[in-house]
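*Asks:* These are the residues of each chain, in order.
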Amino acid sequence: MFFAVALLLYFPVVLFAADATLVYILGTVEVFQDGTWQSADFGEELSQGDRVRTGTGSTAIVELAHAGELKLREESEVMIERADAGTARTRLTVGGVFARVRQAFTGVFEVQSETVVAGVRGTEFFTAFGRTVEDAPDLWLCVNSGEVQVELIGTGEKRTVGAGEGINILSGRRLTDPRRYRWTLDLNWNMDPEAGPVFDETDLDAAYSDLLDQDYD
Amino acid sequence: MTRCRYHRTTVPPEARALFAATLLATILLAPTLSAGEHRPPTPSGVTEIGGHARLFLRDPRFDPMLSLDWRFEDEAFEFRRRSLTAGTYYRIHDNVKIGGFYRLQAGMRHDDDWVSTDGGGFEWEDTRERWEHLLIADISPRFLFDFLPGEDWVFQWKNRYHYNFFNGHQTLQTRPTLTYFLIRDREPLWNFGAGWDLSIPLNFGDSFIYRSYPYLHALYHASRSVKLDAALALESVTWSTSRDVADAPSHDDYTTTYRPVVFTLGGIFSVDL
Numbered sequence: 001m002f003f004a005v006a007l008l009l010y011f012p013v014v015l016f017a018a019d020a021t022l023v024y025i026l027g028t029v030e031v032f033q034d035g036t037w038q039s040a041d042f043g044e045e046l047s048q049g050d051r052v053r054t055g056t057g058s059t060a061i062v063e064l065a066h067a068g069e070l071k072l073r074e075e076s077e078v079m080i081e082r083a084d085a086g087t088a089r090t091r092l093t094v095g096g097v098f099a100r101v102r103q104a105f106t107g108v109f110e111v112q113s114e115t116v117v118a119g120v121r122g123t124e125f126f127t128a129f130g131r132t133v134e135d136a137p138d139l140w141l142c143v144n145s146g147e148v149q150v151e152l153i154g155t156g157e158k159r160t161v162g163a164g165e166g167i168n169i170l171s172g173r174r175l176t177d178p179r180r181y182r183w184t185l186d187l188n189w190n191m192d193p194e195a196g197p198v199f200d201e202t203d204l205d206a207a208y209s210d211l212l213d214q215d216y217d
Numbered sequence: 001m002t003r004c005r006y007h008r009t010t011v012p013p014e015a016r017a018l019f020a021a022t023l024l025a026t027i028l029l030a031p032t033l034s035a036g037e038h039r040p041p042t043p044s045g046v047t048e049i050g051g052h053a054r055l056f057l058r059d060p061r062f063d064p065m066l067s068l069d070w071r072f073e074d075e076a077f078e079f080r081r082r083s084l085t086a087g088t089y090y091r092i093h094d095n096v097k098i099g100g101f102y103r104l105q106a107g108m109r110h111d112d113d114w115v116s117t118d119g120g121g122f123e124w125e126d127t128r129e130r131w132e133h134l135l136i137a138d139i140s141p142r143f144l145f146d147f148l149p150g151e152d153w154v155f156q157w158k159n160r161y162h163y164n165f166f167n168g169h170q171t172l173q174t175r176p177t178l179t180y181f182l183i184r185d186r187e188p189l190w191n192f193g194a195g196w197d198l199s200i201p202l203n204f205g206d207s208f209i210y211r212s213y214p215y216l217h218a219l220y221h222a223s224r225s226v227k228l229d230a231a232l233a234l235e236s237v238t239w240s241t242s243r244d245v246a247d248a249p250s251h252d253d254y255t256t257t258y259r260p261v262v263f264t265l266g267g268i269f270s271v272d273l
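Residue numbers (my numbering), protein chains in the order written: chain A, 1 to 217; chain B, 1 to 273.
Just so you know, these hints were derived from the structure itself, not from any lab. Any given hint could be a false lead.
Here are some of the chain B residues that sit facing chain A, going by a computed Cβ distance under 7 Å [unchecked claim]:
#	residue
1	Arg142
2	Gly150
3	Phe155
4	Leu182
5	Asp185
6	Arg186
7	Glu187
8	Ile268
9	Phe269
10	Asp272
Every residue, glycine too, gets a C-beta built ideally from N, C-alpha and C.
Please construct the entire structure, taking both the sequences and the accompanying hints into account.
*Replies:* Following this line, the structure appears as structure tokens:
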């Protein structure tokens, strides 16, 4: 049973055309083009249908022209579904990704996965697959600034996730209440290599209750 | 005439039997009663009720804690024991936490609080307003027992060293516990556990185990910041010869065990730092 997940950021006016470019590479980063996986190069341009994946200990930043940036965590994969002047749409298939939408961009910014639809009304958010506790993986979504409206396609159920909050979409089908999670404080939102490390070392297992960290007396 | 007087002073057979039984019981029990007078009473079937309110501040590594504990004790349900504990845990390893705490307590009874009275007997000293200071060091390894049915089991072995500045008593408290976490939406909803708390006196008393406290425990996660818990325990406290009894040459040394049933209710509050 599949739903579509889209993290949507809507703006009324299209100002710029958008192309995708790999602007930062750390470790093993590959691009799927013309039916094969190839080592990615710094500055490599990506077009619709291209996929990017990162290996263990690796990270990559994809600039979606004037729309914003995506930072792939290690062991992650995204597909560039559309990157033009009015729409920047990517699909997350594995791992996690940070997304930052530029203030000046007024088009549609989407990050999709397979389970839920979420409309993003903010400028910086993170989404990643979590544990597979039931039959499908959880999907985490955290907002650093602005807000995100998450909607289940199947039921139309919605939640608004505010800045500093996170939400776990259980097995991609059940929404939890947004709230502050301590583990999100460890997320590395930086996408500027000159400003410091961009690699995100956050342990997503920390997103789940640690039964070994329970004390009552 | 004589015969008539004889009949008037005759004791009925039932009364004679009662008198004989009483005399026999007195003779048989007299040594016991005499010996028991210098020992603390250990009534059976006593239920005591305890309570606590605790605040945890949650940091990734440090977990500062403030705990208020109290108990209504004895047959008289006397509000006597209460304590304030403050300190912190520190997670030095995924499977090990250490902790250091200070405790202020009153109403505690120690062996030597069984004191002689002016009448030659013995009684518990009133310690309700006697405040004691303790330092506590804690090390608590814990392991996920996910091989058990339901997977969400944790075994914890809590170990605490207590130093009581009032009387210099040193105690080693050790407590293995096994807890099952009932998880809903990836978060604990209920805990059900069993544990056995043992206090080993290191420099006092005549018994290896001073206090035994096997218990069953349930905890409800009302929210992420509020938890309510209840426990039922079969406590055994072994009293050893007090100083006053030892100083009285007419009395033998003793160890005697008091076994109340203890029901505890509490609230646990936590705040993320």
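*Asks:* For which of the previously enumerated hints does the structure constitute a violation, in increasing order of number?
*Replies:* Violated hints: 2, 3, 4 and 9; rest satisfied.
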